[in-house]
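Enquirer: One letter stands for each residue in the lines below.
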Amino acid sequence: MKKKILLLNASLLFILGSVLAQRAVTGQVTSSDDGTGIPGVNVVLKGTSSGTITDVDGNFRLEVPEAGGTLVYTFIGLNSQESVIGSRSIVDISMSADLAELEEIVVTGYGVQDRADVTSAVASVDISNMSKRSTADVTQALQGTVTGVKIKYTDANPGSAFNITIRGVSSPSGTSGSPPLVVVDGVMISGLQNVSFENIVGNGDGTRATTGLENINPNDIESMEILKDASAAAIYGSRAANGVILITTKKGKKGAPQVSFNAELGVQTPYKGPETANTAQYMQILQSMYGQDLGGEANDFLMPQAALDYLENPGQFDSYDWYNLVYSEAFTQTYDVAVSGGGDFGNYRISAGYKDQDGVALGTGYERINLRANSNFNVSKKLKFGQSIAISNSEVLPEPYAFSRSVMFKAIAQVPHFSPYGVNPDPANDPSALPRTRSFYWGGGDNPEALIRNPLDYANFWSRSDQQSTVTANLYGEYQIISGLKFRLSGSYNRTEGFFKERTRTLSQPEEYFNAERYLNETEIEDSNWNIDNILSYNKAIGKHNFNALLGYVAQQFTTRSLSGTKELFLSDITSTFDGPGADPTLTELNGSLEEYRMTSIISSLFYSFDNKYTINFTFRRDGSSRFDESVRYGNFPGISGGWTLSNEGFWKNSGISNIVNRLKFRASYGILGRQVTSTYRPQATLSYIPYSLGGGVVNGLMTPGPINPFISWEESKTTNFGVDFGLYQDKLSASVDVFQRQTAQLISAIVIPSSAGGGEIQTNDGEINNSGVELEFSFNQDIGPVNLNIGLNATYIWTRLTSIPEDLIYGDGAPEWDVPHVSQTFQGRSPGEFWLIETDGIFKSQAEIDSHVSSDGTVIQPNAQPGDVRFVDANDDGQITSEPVGGDRVFSGLGIAPWNAGLNINATYNNFDLTLSFYGNFGSKVYNGPKYLLEQPFGYDNFSPTLLGAYDAATNPGSNFPRNNPNDLGENYNSRPDSDRYIENGNFVKASLIQFGYRLPMSFSEKLGMSSPRVYVSGQNLFTISGYEGIDPEQGRDGLISAGIDRGTAPQFRTILLGFSVNF
Amino acid sequence: MKKIKFIRKIIALLFLFTVSSCSNDWLEIENPNSITSGSFFSSDDDFVMAVNTLFGDTEGGFNELWYGGSGASNLRSDAIALAAVDFAQLAQYYNFNNDASNGISDGIWTDAYSTIFKANTILKQMENYTFTDSDLSVALNAQIHFFRGASFFRIAHAYGTGPIPLDPAETEDQFNVAAESAENLYAQAIQDLTIAKADLPSEQEEVGRPTKGAATAFLGKLYLYRAGYLNDDSSYGLAATEFNEIITTGGYSLTAKWLDNFVASTENNSESIYEAQYDVYSGSYNATQQRPGTASVPGISGEIVFKPSEWIFEEMSKERDNDSLLDVRLLRTLYFEGGLPLFGVNFADLGDGLVCASGGGGEDDSGGGPDCWEEDFTGEDSYWTSVVSDLYPDATITEVMLNGCWDPVAESEYENVTVTLDRGCSIVFNHWEESIIGNGCEASNDGGSFSGWLRKYLSEDLACYPVNNVNNERIIRYADILLMYAEANFMAGGNITESVNVVNLVRARANLLINVDANGNSLDATNIMDEIEHQRVMEFVMEGTRYYDMIRWGVLKERLQAHGFPDGAATLDEEKHKYFPIPVGEVLYNDLIDQNPLW
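Protein sequence lines, in the order shown, are assigned to chains D and X. Per the numbering used here, the first sequence runs over residues 1 to 1065. Per the numbering used here, the second sequence runs over residues 10001 to 10599.
Hints are computed from structural coordinates only; laboratory data are not their basis. Check before you lean on any hint, since a few could be wrong.
Unchecked claim - From the derived model, a few chain X residues whose C-beta atoms are all more than 12 Å from chain D: (1) Leu10027; (2) Ala10050; (3) Thr10110; (4) Val10177; (5) Thr10194; (6) Glu10319; (7) Glu10399; (8) Ala10510; (9) Met10529; (10) Gln10561; (11) His10577.
Stated by the list, open to error - Chain X stretches covered by chain D per the calculated footprint, using a threshold of three residues with CB under 8 Å from any CB of chain D: (12) 10028-10040; (13) 10580-10591.
Ideal Cβ positions, reconstructed from N, Cα and C, are used throughout, including at glycine.
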């Protein structure tokens, strides 16, 4: 009850304050260093909660009682000041740096540390910079901001998942990558792992694994830390082996209630698509392959009637740009409002956010609402309570289903004269003007080809939506037993409910290929977890000695429930629930499952520092998990780190060198973490159910599986980290360099059982992946005249070796995914996701050249080649070109995952103006241009690349170096074979992620409106990419083992131009 | 101060309480989603259910274990042409320029060994279990050996080599098993099938389980294949003995209507020796089985992979029946869409060709069939005549007919105009779109237009029923036994009359003259093999035997060359392509196996 009254009081004060007789004081806060105004200083009337914050020039204005009072000025890193107002109406003051407080506070596991005390690899995200990027998912805004952290989008549709990799790929488990643990205000959150999204390049297996970050409102984030090495992350234990992202949300600050409001409106424009032939070019290319009448003798393809009709009467046909029909400009808007405040009783902050983003791809979109309430209560000097609760609701409208093919491929492969709507040229035949179902006239009767489906029709035929609602709540109590000794009991609960729905309508033409008509699928997935933390901590400073100890016990439970049903052939299009009448009972399906596991952990840490010079930190954790057999259930995971701040030594301070190098610190750490990546339940042989029909009815079939290994246990990752932090010229230039090695061993990996022994796989704790790398971070602060300039540069080099994986871990020749085969492979002892391709060496220009292309024993390598065919390199010198994954002619052709990543962030302010420039780039990798491979296939009748117009032709174009248009290319000379290096390109790029220009309205103006610090800005995101890549965007492919660097024609990136406005009251 | 002490106590208690709950029990969670196998194989029923799972591997995929209607074998026969060249792997396989990593034929290997692994697992469990019903033990044992034997036989003739595991592999060192020779594989298969033959009943209570006849049929077929594949003439006699046993004591007979072998309503009939049972498909994984849809018909469903070769049409129409009509087997094997000409032959001349309007409804015997009409435009000056005159200035138009049909089931309608030329071919137009939809005058197998598709297994009553239907796949039927007997008996030097007699049975059922071959010459030792080959084609298109027949006869290259497959024949290496390559995965993961030498 008391708490409620406190809250009420706070608001009452606010109301009363504005009613009582008041007068205004103004003033400027300046720096004692150089006399410039200091923005952002908290100015509070002592003993009240009324206060304000200085504007960009350090000016403030505050209503005070007639009698005046005392103003308290506070700012992190500066010594607090007080000044008695008396009868003054202008109260200027200067503040000086508090050297002791200069160091920022860093949130680490279950506590905070001074940056100066940090000895492991913990990166703090520059929130002010990051929050300028307006992205639906915070993850994206992290791109290029933190060294060692790599973010890749899976496709650019709004709401699609991002891949986060911290310090390289450390898991061999296929494509799922190595997502980090996300902890928000002490709550370990998780995204849905199981949503089946057939048409989304998520996880390779139709699911998309998310981290949960996507449901957080970026404007609620106060600080964000990334724990990168085992010693830092150890406290989070087994879920932290891929690193931890710690988020602290904004809390209310002491002072009168403050309202902040932020609005953004923007337009998104898709990147330019790959060049495709227009109608005239298309026909010209077809004719070059199949003859003028398209009936060439070697024509294995039944020509689409539409193409023949075109020959008959070209004037009837238009040319359609299918890429632009599918991808077009889209609108986005974001609004945020927050109320916050605080006093001696504690603090509060309540916020709401709304984001609406239409996708540039046809039919896609994203919408999200966020609400959050954080409050903390000081019950007594010893007892504190606090809570945070956040709810969100989002809806993703994914791309229309496209039969496991990229919608973009469908668009660019579409025949250019095929009218998207109705029959051309006689619209009377198809007055509904609905999109056509098929690519081609059905008239041929004998041409069932419908692989290039009309994406416009599918957008109309299918509707799909993916809704997620989340609740994240935390409640804690903290009691100070004696000075320095605290007990904290905290309970957290996180729940994500996913609701996926897809349905189809009546097929517009009954003979259509696909027959899931009037179909409905609804899937509900409820993913929840709770944890209870009991933490006892002790802080003690004795002279120059500083101690900090922590002991805790944590229990956690994770639950995923799913329920999914489908029905088909409802009576009507109009109904959209399972109650709809008429569904065919034989096509009804219901599935459901429960996945549950538990963990208990004991955590402990001990920190000691002496005289701010020497620091040492121990952590130890013991985890037990229900995922493992009793005999191998528990794992022990220790960590140690230490630091030496050389610049705090007397000799250093006294020597002249400290004038140049004012700060120098060495760090070292080592730690072990455990990881559990097995299935949810401990390994047990389960029976497979295989019914059969005998005697006219169904009989049950049950069978034991192949062999299993019940003793699968923890994977272990060991990290060693060395770091140096230094500052030059009073930190005008500061830098950090980290060198690390992470060895992930006992990897759970599968040994393939040969088919002849029954097939399948058996798991082992075998295998090892090593990541090592260098992380560099520089920041430069300088005032150049009136311009304040801040430049941050980060760069990462990561080297990954799959030192010991089962020799069998080779991918590469599986079925093509999204029309593009797995051209990358992963070999034991090498990096993940390497390209292994057959080298090409130009084209043959004459029979003589073909005859002289021989292996060392004189065998003609391509005896069936003709002039104009590609010359392939016979790498294994066996006289033929073969593409076996091992032993064929494929050779290493580049890395799919870029080893170098860098980010550059520049901020400049000048008076009321500010400018932000952010870039990031990847270097050292290759990209496989999938769309190019598809468009340059010289056969079939999908649309082509205009490049084929310049193909070699002995008669008309003998000078060309582009292979001939051979319609039988699949046969003897496979020029367009996907596993050659013809489609591999340089993957280096630099992307302008943000260019923002802002203007803070002058105080004189805003005061009149009753606002403080209103700012308008315009920003451009993803405005341009500098790269040599010929496709749409070189930033492609999941950073996993098989799909790295492969451009599968995912939805293209887009530019965003935003107009924004933010204001506080 | 007192208060603080109290709170301290509470906190200490809380802490203790939660820590103490860290019992191991809390970390024990049972998987509620599936049955764990700990207590399986502890009742008679368990063994029955385990044996039931052996049936599933034998069917379903593109390259299924059995000799199914859609298998990889059909695509390489001279009866079938590849309809869509888009499927690069299929195209390479089809043209014999695949490499080992192509993978089209891999399923036969993996399915066969999957069956063998399961069979071994059950057999091993049987050693440690005493059945309450000892007859059941014998019955199941026989069925297991039937499946294992048939699987080893399949490996023997399809790959020519392979491991012979007889125990289930359980540990890593057992995963690698060395390959053995075809002789050994045949020998193991004979051993298994002999056990099966001895203990299987002539009739099964549950229709669909293998019978003595089925085991005998596989045994006979094995000897016949071994004779051809391994040049082992002594096997012919063994084969003839097995087949003769079926003919004399099996109790099988040819059905009166040939079509009864391909429709669902007459499954498991007197001609049926072993069938893969397909049943209602009701959603994924709940299903039993359904027919795979590779051999589909435009406008009905499935990816169109197969189409009939021009040769098959010629071959099957080479002999008229006793009523001077085309052989019913031609008309029920191929499908003519919309009354279009097939390979330049006018639809009207084909007699009882089935018509199925695009759209899934089709001919309906119950009386609600398509409502059709025709109109004669011969001699009139029209759009179509002008187009045809432009195309063939030297030809004379003999007939212009409009044919239309309204299909009330599919609610679809078409009107086609057929322009017939004096050279005996026709061009068909879509009346509304004024477009050419079939040009019989330029028909060729490689392109252009033709309108024949495979209709075998599309049932009689539902001519346009989806290909994915529940019609059983006939794995071995009596007609096959008769023709194999005729061959084995002849090759073994048996009495020629016996061979002629059984060929006569097959001919008579098709309403053909007996004692003569397709050309009307009387049957004797000079033409009996040709006639057997011809009848095998007539009977078994899309039943998975033709490709292997040509290999074991050593005529694959010759036939492909002669029957309109010059590309495939040119690349074909008879030595190399006698066997499929061992799946790349097997070579990669099994340290003790090498790829087939020529691959």
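Enquirer: Compare the structure with each hint and give your call.
Expert: Hint check:
1. Leu10027: Violated, since 4 Å does not exceed 12 Å.
2. Ala10050: violated, 5 Å
3. Thr10110: With a cut-off of 12 Å, Thr10110 (chain X) comes too close to chain D, as the shortest Cβ separation is near 4 Å.
4. Val10177: violated, 6 Å
5. Thr10194: Per Cβ check, Thr10194 (chain X) is outside 12 Å of chain D; nearest 23 Å; holds.
6. Glu10319: holds, 27 Å
7. Glu10399: Non-interface label on Glu10399 (chain X) holds, nearest chain D Cβ at 20 Å vs cutoff 12 Å.
8. Ala10510: Label holds. Min Cβ-Cβ 29 Å, cutoff 12 Å.
9. Met10529: Consistent with the label, Met10529 (chain X) stays out of reach of chain D, its closest Cβ about 34 Å off (over 12 Å).
10. Gln10561: The assertion about Gln10561 (chain X) holds, with a minimum of 17 Å to chain D.
11. His10577: For His10577 (chain X), whose nearest Cβ neighbour in chain D is about 16 Å away, the distance exceeds 12 Å, so it holds.
12. 10028-10040: It holds, with 12 qualifying residues against the three required.
13. 10580-10591: holds (count 7)
Checked against the numbered hints above, the structure breaks hints 1, 2, 3, 4 and satisfies the rest.
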